[in-house]
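Asks: The lines below spell out each chain.
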Amino acid sequence: MAIEIEQPRVGLSKIAVSKTHGEDSPYFAGWKAYDENPYEEFGNPSGVIQMGLAENQVSFDMLEDYLEQHSEEASWGKKASGFRENALFQDYHGLQFFRKAMASFMEQIRGGRAKFNPDRVVITAGATAANELLTFILADPGDALLVPTPYYPGFDRDLRWRTGVNIVPIHCDSSNNFQVTPQALEAAYKSAESMNIKVRGVLITNPSNPLGVTIHRSTLEHILDFVTLKNIHLVSDEIYSGSVFSPTEFTSVAEILQWRNYKDCERVHIVYSLSKDLGLPGFRVGTIYSYNDQVVTTARRMSSFTLISSQTQQLLGLMLSDEKFTGNYITKNRDRLRNRYEKMISGLRNAGVECLEGNAGLFCWVNLSPLLESQTRESELAVWDLILHRVKLNISPGSSCHCSEPGWFRVCFANMSEKTLEVALKRIQIFMEERKIKSD
Amino acid sequence: MRLIVPLQGVVQGRGGLILGSLIPCALFYFLQFYLKRHRSPPPASSPSSSNLPELARTSSRSNLTGRGSMGQARVSSRASSIAKPNDSPYYIGLDRASEDAYDELENPNGVIQLGLSENRLSLDLIEQWLSRNLNASILGGGGLSIRGIATYQATGDGLWELKVAMAGFMSQIMGRAVSFNPSQLVLTSGATPAIEILCFCLADPGNAFLIPTPYYPGFDRDVRWRTGVELIPVHCRSSDNFILSITALDQAYNQARKRGQKVRGILLSNPSNPVGSILTRETLYDLLDFARDKNIHIVSDEIFAGSIYGGDDFVSMAEILDSEDVDRNRVHIVYGLSKDLSLPGFRVGAIYSWNEHVLTASKRLTRFCSISAPTQRLLIPMLSDTRFTQEYIETNRKRIQSMYDLFVAGLEQLGITCAKSSGGLYCWADMRELMRPYNEKGELELWDKLLNIAKINVTPGSACHCIEPGWFRCCFTTLSKKHIPLVIERIRKVVETCKPPS
Numbered sequence: 001m002a003i004e005i006e007q008p009r010v011g012l013s014k015i016a017v018s019k020t021h022g023e024d025s026p027y028f029a030g031w032k033a034y035d036e037n038p039y040e041e042f043g044n045p046s047g048v049i050q051m052g053l054a055e056n057q058v059s060f061d062m063l064e065d066y067l068e069q070h071s072e073e074a075s076w077g078k079k080a081s082g083f084r085e086n087a088l089f090q091d092y093h094g095l096q097f098f099r100k101a102m103a104s105f106m107e108q109i110r111g112g113r114a115k116f117n118p119d120r121v122v123i124t125a126g127a128t129a130a131n132e133l134l135t136f137i138l139a140d141p142g143d144a145l146l147v148p149t150p151y152y153p154g155f156d157r158d159l160r161w162r163t164g165v166n167i168v169p170i171h172c173d174s175s176n177n178f179q180v181t182p183q184a185l186e187a188a189y190k191s192a193e194s195m196n197i198k199v200r201g202v203l204i205t206n207p208s209n210p211l212g213v214t215i216h217r218s219t220l221e222h223i224l225d226f227v228t229l230k231n232i233h234l235v236s237d238e239i240y241s242g243s244v245f246s247p248t249e250f251t252s253v254a255e256i257l258q259w260r261n262y263k264d265c266e267r268v269h270i271v272y273s274l275s276k277d278l279g280l281p282g283f284r285v286g287t288i289y290s291y292n293d294q295v296v297t298t299a300r301r302m303s304s305f306t307l308i309s310s311q312t313q314q315l316l317g318l319m320l321s322d323e324k325f326t327g328n329y330i331t332k333n334r335d336r337l338r339n340r341y342e343k344m345i346s347g348l349r350n351a352g353v354e355c356l357e358g359n360a361g362l363f364c365w366v367n368l369s370p371l372l373e374s375q376t377r378e379s380e381l382a383v384w385d386l387i388l389h390r391v392k393l394n395i396s397p398g399s400s401c402h403c404s405e406p407g408w409f410r411v412c413f414a415n416m417s418e419k420t421l422e423v424a425l426k427r428i429q430i431f432m433e434e435r436k437i438k439s440d
Numbered sequence: 001m002r003l004i005v006p007l008q009g010v011v012q013g014r015g016g017l018i019l020g021s022l023i024p025c026a027l028f029y030f031l032q033f034y035l036k037r038h039r040s041p042p043p044a045s046s047p048s049s050s051n052l053p054e055l056a057r058t059s060s061r062s063n064l065t066g067r068g069s070m071g072q073a074r075v076s077s078r079a080s081s082i083a084k085p086n087d088s089p090y091y092i093g094l095d096r097a098s099e100d101a102y103d104e105l106e107n108p109n110g111v112i113q114l115g116l117s118e119n120r121l122s123l124d125l126i127e128q129w130l131s132r133n134l135n136a137s138i139l140g141g142g143g144l145s146i147r148g149i150a151t152y153q154a155t156g157d158g159l160w161e162l163k164v165a166m167a168g169f170m171s172q173i174m175g176r177a178v179s180f181n182p183s184q185l186v187l188t189s190g191a192t193p194a195i196e197i198l199c200f201c202l203a204d205p206g207n208a209f210l211i212p213t214p215y216y217p218g219f220d221r222d223v224r225w226r227t228g229v230e231l232i233p234v235h236c237r238s239s240d241n242f243i244l245s246i247t248a249l250d251q252a253y254n255q256a257r258k259r260g261q262k263v264r265g266i267l268l269s270n271p272s273n274p275v276g277s278i279l280t281r282e283t284l285y286d287l288l289d290f291a292r293d294k295n296i297h298i299v300s301d302e303i304f305a306g307s308i309y310g311g312d313d314f315v316s317m318a319e320i321l322d323s324e325d326v327d328r329n330r331v332h333i334v335y336g337l338s339k340d341l342s343l344p345g346f347r348v349g350a351i352y353s354w355n356e357h358v359l360t361a362s363k364r365l366t367r368f369c370s371i372s373a374p375t376q377r378l379l380i381p382m383l384s385d386t387r388f389t390q391e392y393i394e395t396n397r398k399r400i401q402s403m404y405d406l407f408v409a410g411l412e413q414l415g416i417t418c419a420k421s422s423g424g425l426y427c428w429a430d431m432r433e434l435m436r437p438y439n440e441k442g443e444l445e446l447w448d449k450l451l452n453i454a455k456i457n458v459t460p461g462s463a464c465h466c467i468e469p470g471w472f473r474c475c476f477t478t479l480s481k482k483h484i485p486l487v488i489e490r491i492r493k494v495v496e497t498c499k500p501p502s
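Residue numbers (this note's numbering), protein chains in the order written: chain A, 1 to 440; chain B, 1 to 502.
Each hint should be verified, as a subset may be incorrect.
[Claimed, not checked] DSSO-like cross-link-like pairs, simulated, lysine-lysine; straight-line CA separation at most 30 Å:
hint	chain 1	residue 1	chain 2	residue 2
1	A	K263	A	K115
2	A	K14	B	K258
3	B	K262	A	K19
Rather than coming from a laboratory, the hints here were simulated on the basis of the structure.
Extracted from the complex, chain B is given alone in its bound form (with noise of 0.2 Å):
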């Protein structure tokens, strides 16, 4: 009513004239920017317009940078998540260790990497069969012939001769508990396209696995980037040595349906990656019995099962299903020669399920993913001669156990203490008592006193999603034996200045 009157005004050509022209263009203004804080997304600009290229709404800062580098056309949201350089003191320590590299005569003030989990110490075992066996070639076994091995494999997942020896690898390094069946494997370019094939395979987008903490960082890219699959953390203590109880799983998972989220399986790593525990075999016949009451599926990630040392036996979910008689199709384990046999460029990884149509899928999208054919040719005979192999499994695990006590026996000089752990190539080092304040940015602080400092890169429990601060993966088969009382010597740097005042 308010506003016809004014109106009015101008049309009878009372006054109000100005508030009979002020008030359209208040509203014509107000509906324009109405308009332009609702409507969808305008279509890519012209080269001459003035916006800005539209770019997938993320909170990427990256889209903010100038025009220039990065050029008019857009890349997906997909892209613009990934493309933001990575803050987790994962990478960033990673990075830093490379390119301020230790090194005994030319940087002996660089940075000591202790961040990485490969393993170096055997790798003298597999160049004396390589020059006894191969003489050195770099195409492998059977001789110059590029014909035999250059042509396209009608299935990219494994040569079969491979498989069988992978197979039997496996079982090898498992302490031949259990054996293998080379039809189940699927073969590729790495463990991690292992991970991400079965999450394609298992879960659609927006669907999530439960995941106990701490985890590998690396699965947060593995698992979500390209596959829109969530991973819901289900906590460790300390106080349970960091073993995953079954009353938090289904805690975890009760909560994911109350938010109507659809948990379609559970990712185990197991040895565990940061920790190094390897799961009782009890706690597996729980997991399997938690995964049929809710119909998941299991993800076991036992890619360091051939880097144990102490006394406990490894069990591998394979070991459990071979006396269960039902219901495998739940379960799949993956694996590689990235850490027990020290061949991480090479790219080997593998699938192995009981379940036909998992198989299936995985076998078609090895397309992306294979390994190539001399890395095959090389591997066939190595992982065939079992006798190297088996004196290669023990001989590796006896190094890694005599640097694991060394270590931390160094680190208990310090007052440092690792939580019990029997396999990876890394022990979890509590370092609680060196933090102030208690919370994730005194972690923060003193990775990066670690970093700086002590300049050794390790790697902070938050950048596994740890729930308590202050504990730190060491990664400690990068080092030879007399590096350990150096990287003591500058472990004891940080912890003098951390020390609280007496």
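The following block holds chain A by itself, in its conformation from the complex (with noise of 0.2 Å):
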């Protein structure tokens, strides 16, 4: 037999062999477990029902009736100049027309009460690439974020995989619903501090991604004026911002600053994305709209890395320059999602459970502590494990999401149909009385 020599593997770089992708967190393998069993109506309905993926399904109809009313806006049309336009259109600047349509809808989304210029807005592959090239030219490899937790656990790698920059967590707890303090913004620049780590910037998703609530506005003043004094930078993911159920109570930060008439504005950038809002995560639209123009410049030429695709911008341009449609579209949305989030809720308050006072995003934010054999993370991971497997709901634990409490939950609502809503909501009902009947 010959003897085999074996070749010396030729080497791959630190990034290409780290685990900060943290793909093999609970949360992606609940992700797991669905695909290989998932539910089915009629198909398989013991199979897992996918309540851990944030996706807005409820309003694809809305979307549909549009197109097939303007077909003739969905199509390049009979002029030859239609299509080999778009075709040959890869500016980083992006249509004209897209960004004044982006921006529209943006300040339609804030019923009018700030202003968004189409010139600061950059285009990037969803609000993935846009958190990512946003941490590229804040901060260096070795500085950090601060990101109140609980937070989205994709932070964990878009932040940091390929940046090298940190994420210092801003604790927060159920004493006070989560919000952020003023002490516990000072107590994790203070940590940051102490380990030598240069911070750059706040990171804060409002909505909150997995809490389903906006920031108060005193909250969000007390941020603005802490990254003042810091002289650091603030970015606001407010990727939820049109899934808030009541028009009145989501404040952006572009309020804010518009009320304080843009001073010290050159600090805050805020991310977009459709993902949400308009349910088209796989059109990869996202955004960037920055107040500083050295960012607005050096965004725009990092976003080579990640276009949107000149045939979605043409598309998404008509559609969300109908300001009809898209007016219609916002207020039927959020009545829609609301009244998912209330059919939720009474179907978790039914079983016993209780769950954080919500008011935005696809999600709820679930206390099933009461289920811990220990307040212990393992504890936590054991209930979600069971839930996994045994009611066969795949829902994402609080500690993937660094939630310093053990017990909490993220639930998604949206993206399933009301049916399949009701099946989930029973089996969790008939969890919980059989662990009442077996506590007696």
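Make the complex out of the two chains shown on their own, each in a separate frame, by following the hints.
Replies: Take a look at the structure:
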């Protein structure tokens, strides 16, 4: 038998082999279980119901109706130049009329309380890319961003993997409904300092993922004052701004800046996307809106790595320019999400499960700590595992969101039909009843 | 000792009071000065501070412009190095050509763009296909159903059907000499992020890739910006028709080692941009041997593989690996639809690799650069229509060939010859005789004349890191045939002013 001489393995980078992609966490393991045994109303009624995916599927019909009624706009048309120009357009400024449409959509969502200048809109292929891009621009490897906990698990990868930037958590807890306090902000900053890490900015998600609540105006004002005092940046990820159940409950940092006559605004940057509000994650449409000229210029150039297909810009530019359509969409979408939410919490309450009082987003922040054997992360994961494999629901454990209190879970309600939601709520009810009987 | 005396004088109240107070003050002053120059950067100043905001120490002149335009909070050093106005003629020319764009009717004295390697010769074929098959719908196939295309894909590296279609298309493009396995494909929003992803995966900050010159100016950005990876030029010369020599490669590798710089791979473009030459089978084998010997990677950017004219056949690195049984882990191919299929706006690129780990890491990284769903949906039926794609590929090649022939003949009338090339959307023109002095300055002056007098934008070799001054890349696929005489006439104006006095 010939002797096998092993060729020297050709090396890869540290980034390639790092675990910062985070795909070994429960957040992603649950998806795997769902993929292997997905619920289907008739085909697989005992399969896993996916409640770990924050997607909006309640308003597709409105988009489809629009396209049907506007098939002229939804085609490149008879004139040859339509397609040709579109196919050749790779300017990183993005189509002017698309940026204008995005700016006006963002204004409508905020009820006209803030104005957006299309020339400050930078396009990216999704908010994921927008957040990473901003991190590259605002921080050097080894620096840090302060992020309130609990936060979207994807941030661990999006903000840190290729950038080499750290996340220092701003700890929030249930004593005040997980709102950011001045003490927590200061403590996080000091903690970074004590590790000799330079803090470059604060990154907030408003409305919050996974909490499903909007940030109070006073809290926002304090955060703004804090970053001004420390001379650092503020990134406000407002990807769920169109998914607030009532039009008056959301305050964007843009409104506060406008109210303050744009004083000290060059440190503020807003991230937005159509993945949640329009339910179009596959389209890969994200934006950075920055009040800082240098950041806008830099972000534009860097967006070469993550441009939006001109075809998509064309289509969505047309749709979002139709203010009658968008106004109607925003209102109806809000109502439908609110109905889903109310259905969800009433179902949970009937089962004896409490959740945080939410007013936005595609999910509830549910308190399952009574089910934990001990108030530890391990117990939380045991409960998560139980719910995944016994109750056949994939929900996201708070520990994957870096929540400092064990026992909280994010449960999504908008990525399924109403019927499926009812099935899920029923399963929860049965599960809670069984546990009650057991413990009695 | 001397220092103590005056101080003693102070203490004892004797003469030297002035010296005694002066010297400590002087010392104190010098100490402050020393500390100021050597201490680490101060923390970010508060708004009330009169210091300039703390900015990264780069050579960027943008640091010195007024505070107002930059705001107080600093940006990273990565950002600062990018934000300064780009002074490469490559970008300046592109900007000028678009600001003052030639239009037959509206702006007949505008700048004619020969600096953008775009193909406008065959879009009509795609338009026809679109109206026949999809009723020209922007949303692509599958009717108007948003639901089907809207949802998130568990992996962002492309729908399976698109990978299958793309693998088939790539095989067709390369003359069916090799077949591509869809499961080794990772799709990205353009070839630009594909290159960057590979650099992130194959090299650490400070490591380097060897790259033959002249090369595509965009690589300086794509490879180096955010990754911190370096490019080491391996100079090619006109005497070799700018073909890479393994000797030069070896020299560059050894020199890097002596400097303590770790080389992780070779980055090639084949067909070459800007020269347009294609590598022979033999050279490809030699490159593979070299890479094996040094245990490094090869990234082969084959984005112009379908834009072949002239008699030579294109041989992909994939074809070489097909016949080799070992060690495919070091080869990675980059492809995309911006050039061969004229769809740069749609952002469609691909990484093809035999390395499982690179595929896994790349797939995860596509979350930052996935192809938009409607574009995927549009392309699946188009690329799967092999009759259409075959017809497109053949017709497109013929059209590129005939533009090339006309353009090169036109240049020859002016006494300008081009390097031998058989691929790409451009020719590599030898304008050395038109330059005085024969150096980079002379080249830039000629470039400037061509831009401002002839009103044509071409890319000077220095922007491509060419070691020999005087070469210019001229893209001819954004023109129509009737414009060629106009372009030649305009160049003639400059050629006449450059003729040596008789």
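Asks: Does the structure break any of the earlier hints, and which numbers would those be?
Replies: Of the numbered hints given earlier, the structure breaks none, since each of them holds.
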